[in-house]
Structures are given as structure tokens and as C-alpha cells.
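Novice: Letter by letter, the chains look like this.
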Amino acid sequence: MILEIRDVVKYFNGFCALSDVGVDVEEKKIHGLIGPNGAGKTTLFNLISGMYDLTRGEIRFKGTCIDGVKPHLRAKLGIGRTFQIVRLFGFMTVLDNVMLGSHCKTKAGLSKTFFRFSIKEPEEEKATRENAMRWLAFVGLSHQAHEIASNLPHAEQRLVEIARSLALDPDLLLLDEPAAGMNPHETEELISLVSKINQMGKAVFLVEHNMELVMGISHVISVLNFGGKIAEGTPAEIQGNSEVIEAYLGKG
Amino acid sequence: MAMSFYLPFMTGQISLGQAGFMAIGGYVSAICSVKWGIPYVPAVLIGGVFAGIVGLILGLPALRIKGIYLLLLTLGFGEIVRVVGINLQYVGAAAGFPGIPYQKYTLLYAYGMVLILIIFFSRLSRSRMGRAFQAVGSDEDAAEIIGVNIVSAKLLAFSVGAFMAGIGGGIFAHYQEYIEPLMFDVMHAIEFLIFTIFGGIQIFWGPIFGALVLTFIPEFLRAIQEWRMELYGALLIVMMIVRPQGVIGLDTVHTLNRLFRNGLGKERA
Numbered sequence: 001m002i003l004e005i006r007d008v009v010k011y012f013n014g015f016c017a018l019s020d021v022g023v024d025v026e027e028k029k030i031h032g033l034i035g036p037n038g039a040g041k042t043t044l045f046n047l048i049s050g051m052y053d054l055t056r057g058e059i060r061f062k063g064t065c066i067d068g069v070k071p072h073l074r075a076k077l078g079i080g081r082t083f084q085i086v087r088l089f090g091f092m093t094v095l096d097n098v099m100l101g102s103h104c105k106t107k108a109g110l111s112k113t114f115f116r117f118s119i120k121e122p123e124e125e126k127a128t129r130e131n132a133m134r135w136l137a138f139v140g141l142s143h144q145a146h147e148i149a150s151n152l153p154h155a156e157q158r159l160v161e162i163a164r165s166l167a168l169d170p171d172l173l174l175l176d177e178p179a180a181g182m183n184p185h186e187t188e189e190l191i192s193l194v195s196k197i198n199q200m201g202k203a204v205f206l207v208e209h210n211m212e213l214v215m216g217i218s219h220v221i222s223v224l225n226f227g228g229k230i231a232e233g234t235p236a237e238i239q240g241n242s243e244v245i246e247a248y249l250g251k252g
Numbered sequence: 253m254a255m256s257f258y259l260p261f262m263t264g265q266i267s268l269g270q271a272g273f274m275a276i277g278g279y280v281s282a283i284c285s286v287k288w289g290i291p292y293v294p295a296v297l298i299g300g301v302f303a304g305i306v307g308l309i310l311g312l313p314a315l316r317i318k319g320i321y322l323l324l325l326t327l328g329f330g331e332i333v334r335v336v337g338i339n340l341q342y343v344g345a346a347a348g349f350p351g352i353p354y355q356k357y358t359l360l361y362a363y364g365m366v367l368i369l370i371i372f373f374s375r376l377s378r379s380r381m382g383r384a385f386q387a388v389g390s391d392e393d394a395a396e397i398i399g400v401n402i403v404s405a406k407l408l409a410f411s412v413g414a415f416m417a418g419i420g421g422g423i424f425a426h427y428q429e430y431i432e433p434l435m436f437d438v439m440h441a442i443e444f445l446i447f448t449i450f451g452g453i454q455i456f457w458g459p460i461f462g463a464l465v466l467t468f469i470p471e472f473l474r475a476i477q478e479w480r481m482e483l484y485g486a487l488l489i490v491m492m493i494v495r496p497q498g499v500i501g502l503d504t505v506h507t508l509n510r511l512f513r514n515g516l517g518k519e520r521a
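These protein sequence lines map, in sequence, to chains L and R.
FYI, the numbering for the first sequence is 1 to 252, going by the numbering used here.
FYI, the numbering for the second sequence is 253 to 521, going by the numbering used here.
Bound conformation, chain L alone (with noise of 0.2 Å):
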């Protein structure tokens, strides 16, 4: 297992948002996470990423327990995750966003930049800059590569968020509904997309409302509903539950 998450609870004042959620995540596959509005899905995605402190239970990465680790360190360890609502950093260049996701892997300080006789271009800053255009061409966006981040379509900025934390090269990537606004046609290149992710060998943790996406291509899938995990599956399975038709379409 590269993630396990063990009973987890969290509270907001009072509000139970998540109640004794387990799931584990298993290496180099795809986990789907569905669940109606409110169910809890981001609010896990958030205590995965250090954003939230959980209020009891257990997050596990490798192995190891990650509670109280702060956020930048969870993404050095190889958490990657991208936002429901997309937050590239919009003044900047396609290329410098996805330049930053390197950031935690690479070391030049303020010292080492001011203090260098030579004009010529740093061997790390050269190695982060191609390891971005790669991150680029693999999603398919090299051509912007020097367009400000917020001047592109929405489609294609999430798609440099994806870049952006690929080039942090993450054995886990959590995408947030990455599918949310996109066309039939942009979601499709998605799903291929992810496939390929998958298939380097980085195991992708995926909340999604599009059903085709997260049927098509999940292995296993984990539905929550007010909290609490209601059911755990292959997708064929997921299809057939009672409880989970019944969470979404309410009771016949």
C-alpha cells in the first residue's frame, strides 16, 4: 500500500465532516473516490496534503506515519495534488509554474544566485528548466510554454497544473476533479492522460463526478456519503451497489 488511511475523523467546530474513514490506496493503480456534494472527498484530499490537521485516526505514506508533517514536506516525501478550483500562480509563465514543481527537489539558494561570476545559465536551473518543458510536451502544451499561466483556457490550465505536479516527479498524484469544466472531447484526452500517468508507474488517487471517467479507468473505486465510506469496489461492483444508487439517486 502507498497510502493508508485508518479511521480518520475530522471535525469542523462541531461538524463531523469525515467519520471513521479507512482506505487504502494501492501502488501504480488508479483509486476513484465518488460520493455526492459534501461528502467529504476534498476534505480528505486536504488532510492527505497537510492543509487540515485530522482530528484522530491515522494517514500512512509509505509506510510511514505522515500526521502533523507540514505540506511541503509531504510533497518532497511524493505527494503530489492538484485543486478542485484550479490555483495556477497566474502572473507567471506556463513554464515557471511548472519550473516551481521542481522546487523541493532542486537547492539553489538567494546566496548561490547573486554570488556566480558566470552569465551562463546554472546546470540546475538548465536541469529544472528541461524537466519542465518535458512535463510540458508530455501534456501537450510546449507551445505555451512562455504564455501567462492565466491567459490560457481553462482546459489547458489544468492541465498545467498536472504538469506543474509531475515535474515534482510524486509516486502519488491526487487529482481533484480534474475533468470539472471540461468538454466531452478535452475529457477524453484527459482519461488518456491519466492512463499514461498511471502507467509510469505513479499511482493516481482520483475524485471525480464525470462517471464515464472515474468507471472508465479506476481500478478500484471508494464512495463516500455524509462522511462515512459506504462502499468499496471494482467499478462493475460500484455499479451494482444498492447503498451507493441509493446515495445518489435517493430511495426507489
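Since the hints were derived computationally from the structure, they do not count as laboratory data.
Fair warning: there could be bad hints in the mix.
Calculated lysine to any residue pairs in the SDA-like style (CA-CA distance at most 20 Å, straight line) [stated by the list, open to error]:
{"no.": "1", "chain 1": "L", "residue 1": "Lys76", "chain 2": "L", "residue 2": "Thr55"}
{"no.": "2", "chain 1": "L", "residue 1": "Lys196", "chain 2": "L", "residue 2": "Glu156"}
{"no.": "3", "chain 1": "L", "residue 1": "Lys70", "chain 2": "R", "residue 2": "Val403"}
{"no.": "4", "chain 1": "L", "residue 1": "Lys126", "chain 2": "R", "residue 2": "Arg375"}
{"no.": "5", "chain 1": "L", "residue 1": "Lys76", "chain 2": "L", "residue 2": "Ala127"}
{"no.": "6", "chain 1": "L", "residue 1": "Lys76", "chain 2": "R", "residue 2": "Glu331"}
{"no.": "7", "chain 1": "L", "residue 1": "Lys70", "chain 2": "R", "residue 2": "Leu312"}
{"no.": "8", "chain 1": "L", "residue 1": "Lys70", "chain 2": "R", "residue 2": "Leu315"}
{"no.": "9", "chain 1": "L", "residue 1": "Lys62", "chain 2": "L", "residue 2": "Ala127"}
{"no.": "10", "chain 1": "L", "residue 1": "Lys70", "chain 2": "L", "residue 2": "Val9"}
{"no.": "11", "chain 1": "L", "residue 1": "Lys196", "chain 2": "L", "residue 2": "His219"}
{"no.": "12", "chain 1": "L", "residue 1": "Lys76", "chain 2": "R", "residue 2": "Ile402"}
{"no.": "13", "chain 1": "L", "residue 1": "Lys126", "chain 2": "R", "residue 2": "Ile402"}
{"no.": "14", "chain 1": "L", "residue 1": "Lys62", "chain 2": "L", "residue 2": "Ile217"}
{"no.": "15", "chain 1": "L", "residue 1": "Lys76", "chain 2": "R", "residue 2": "Val403"}
{"no.": "16", "chain 1": "L", "residue 1": "Lys70", "chain 2": "R", "residue 2": "Phe372"}
{"no.": "17", "chain 1": "L", "residue 1": "Lys126", "chain 2": "L", "residue 2": "His146"}
{"no.": "18", "chain 1": "L", "residue 1": "Lys28", "chain 2": "L", "residue 2": "Ser192"}
{"no.": "19", "chain 1": "L", "residue 1": "Lys28", "chain 2": "L", "residue 2": "Ile217"}
{"no.": "20", "chain 1": "L", "residue 1": "Lys70", "chain 2": "R", "residue 2": "Phe373"}
{"no.": "21", "chain 1": "L", "residue 1": "Lys126", "chain 2": "R", "residue 2": "Phe373"}
{"no.": "22", "chain 1": "L", "residue 1": "Lys76", "chain 2": "R", "residue 2": "Ser404"}
{"no.": "23", "chain 1": "L", "residue 1": "Lys126", "chain 2": "R", "residue 2": "Phe372"}
{"no.": "24", "chain 1": "L", "residue 1": "Lys76", "chain 2": "R", "residue 2": "Glu392"}
{"no.": "25", "chain 1": "L", "residue 1": "Lys29", "chain 2": "L", "residue 2": "Gly201"}
{"no.": "26", "chain 1": "L", "residue 1": "Lys76", "chain 2": "L", "residue 2": "Glu4"}
{"no.": "27", "chain 1": "L", "residue 1": "Lys70", "chain 2": "R", "residue 2": "Glu392"}
{"no.": "28", "chain 1": "L", "residue 1": "Lys62", "chain 2": "L", "residue 2": "Asp7"}
Fit chain R to the supplied structure of chain L, relying on the hints for placement.
Specialist: For chain R alone, kept in the frame of chain L given last:
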């Protein structure tokens, strides 16, 4: 000549304490050269380092607060420095600190300093830490998630900004030959802030441009004496409405780059 523009801004920290840091740099370097006979360049550097250290200490609590609260904290800090200056007999209290050795080439030093800062910032904008500073300024949470240590980035920016202001203070003290606490009041910090915002906060050329233009405009307007400050104010208002990102924004640089590239392309063809 006022020359100080600010790194903390990049990480989204607005500091009104820069006049305070300038005062520390000015006073410390003045003490160094007057009381201890240390030569000009090391004296100014010591002043800068001292301001930087104070910046580091002040930066620790400053990290926890944002926006208007940070503004108040740094404002308070600036006032503390000024009042300490007024009451400290060792540096002449309110009467000021006279007899700082005049440096013949002080303007050259000042311009040299600007040049060094330009090199620094142009390198910074294409470096790992520079990108991190911008990222933290743009979206702290997202920056942290992708692996930027925002605590150290902000602290670094804050103290290096203080160091620069300290150096500016040292040069200023040796230019004026005399300093008093009143020279470092909050209005000056606000003036620097206006330079920065007027010129543009997205890229380091902005503050330089802002400082140049806004220092000279009142001089040019001397002809219409009574009205010049009103005109100056009006100019700022118009600016903020027409171009809130400052005169020089990223788009300016973008356009210039494009023009430059196209020019080169034509030459080759």
C-alpha cells in the same frame, strides 16, 4: 537620493517598517564610522547586516499575520525605532547625529548599489528562490502544497529586504553627513510604498522606475509651486484607476520581449 525597493513585497508582505530598517542601517553605520573610525564601505555593510538581523527577528512574528495586521506591526516597529532614536543620548537624541564623514563619491556608491540590485533582481527573477517568492506572493497554500517552504521563503525575503533598506540608510547617512530621527518617519516608508506601487509590483523594474519618476516629478513641477503636490496626488489617483498594476507590468516586459525577438528575427531573415 532615495533608493530602496523591496523584496518582502514579492512574497505578499507589505512592510511599513522599511524606514525603520533604513534608520537602523543609517545609525549603526554612523556609529561605526564616527565613534569607532571604521571606513565607509564596511561601516555601511555592518549597518545593512544589522538591519537584516533585526528584520529576521521581526520577521518571525510577522510571518503569522497578513495584510492589514502586518501593516500595523511594521508601522509600530518603524515608530519604535524612531522614538528610540529620539531618546537615545548616545546617538544625539532628537538633536540628531552630526559629523558623519562625507563620502566624496557617495552618489557613485549609490548608483553602484542600484546596479548591483538590478543584477541581483534580474538573476533572482530567473532562479529557484525568485520563483518561490513569486509563488508565495501569488497563492501561499498552493505554493506550500507543491513543496515550497513558505516560512523560510517569507523570512528570507523579509530580512533581505531589511538588509537592503539598511544599506540604503547607511549610504544616505554618509551623504547627508547628519541624521536625525525625523528623517526616518513613517511618511518616508509610505513614500517608498508609493514608489513601488506606482512603478509596478510585478517586476523589479517597476519600483526603480517609480522611484526615478516620482523623485523628479516634484522637481520639474517647481515652476507651479503651490500646486505641485496637488498635481502629484492627482497623478497617483489617475494612475491607480487607469493602471492598477503599476506603470511597468509583466505585460510591458512581454511586449518588449516580443518586439525584441521579432527585431532579431528580421535581422536574420
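Novice: Does each hint hold? Answer for all of them.
Specialist: Hints, verified against the model:
1. L:Lys76 / L:Thr55: Violated - the C-alpha atoms of Thr55 (chain L) and Lys76 (chain L) are around 24 Å apart, more than 20 Å.
2. L:Lys196 / L:Glu156: Holds, at about 17 Å.
3. L:Lys70 / R:Val403: It holds: about 11 Å lies between the C-alpha atoms, which stays within 20 Å.
4. L:Lys126 / R:Arg375: Judged against 20 Å, a Cα distance of about 14 Å means the pair holds.
5. L:Lys76 / L:Ala127: Given that 20 Å is the threshold and the Cα spacing comes to 18 Å, the pair holds.
6. L:Lys76 / R:Glu331: 41 Å, violated
7. L:Lys70 / R:Leu312: 18 Å, holds
8. L:Lys70 / R:Leu315: Judged against 20 Å, a Cα distance of about 16 Å means the pair holds.
9. L:Lys62 / L:Ala127: 28 Å, violated
10. L:Lys70 / L:Val9: 19 Å, holds
11. L:Lys196 / L:His219: Since the Cα atoms of Lys196 (chain L) and His219 (chain L) sit roughly 14 Å apart, the hinted pair holds (cutoff 20 Å).
12. L:Lys76 / R:Ile402: 14 Å, holds
13. L:Lys126 / R:Ile402: 24 Å, violated
14. L:Lys62 / L:Ile217: Roughly 23 Å between the alpha carbons, so the hint for Lys62 (chain L) and Ile217 (chain L) is violated.
15. L:Lys76 / R:Val403: OK: Lys76 (chain L) and Val403 (chain R) at ~16 Å, within 20 Å.
16. L:Lys70 / R:Phe372: 30 Å, violated
17. L:Lys126 / L:His146: 16 Å, holds
18. L:Lys28 / L:Ser192: 16 Å, holds
19. L:Lys28 / L:Ile217: 13 Å, holds
20. L:Lys70 / R:Phe373: Not OK: Lys70 (chain L) and Phe373 (chain R) at ~29 Å, beyond 20 Å, violated.
21. L:Lys126 / R:Phe373: With Cα atoms ~19 Å apart, Lys126 (chain L) and Phe373 (chain R) stay inside 20 Å; holds.
22. L:Lys76 / R:Ser404: Status holds; Cα separation ~16 Å.
23. L:Lys126 / R:Phe372: It holds: about 19 Å lies between the C-alpha atoms, which stays within 20 Å.
24. L:Lys76 / R:Glu392: 17 Å, holds
25. L:Lys29 / L:Gly201: 8 Å, holds
26. L:Lys76 / L:Glu4: 18 Å, holds
27. L:Lys70 / R:Glu392: Holds. Lys70 (chain L) to Glu392 (chain R) sits at ~13 Å (cutoff 20 Å).
28. L:Lys62 / L:Asp7: This hinted pair holds, its Cα atoms lying about 17 Å apart.
Comparing the model with each earlier hint shows violations of hints 1, 6, 9, 13, 14, 16, 20; every other hint is respected.
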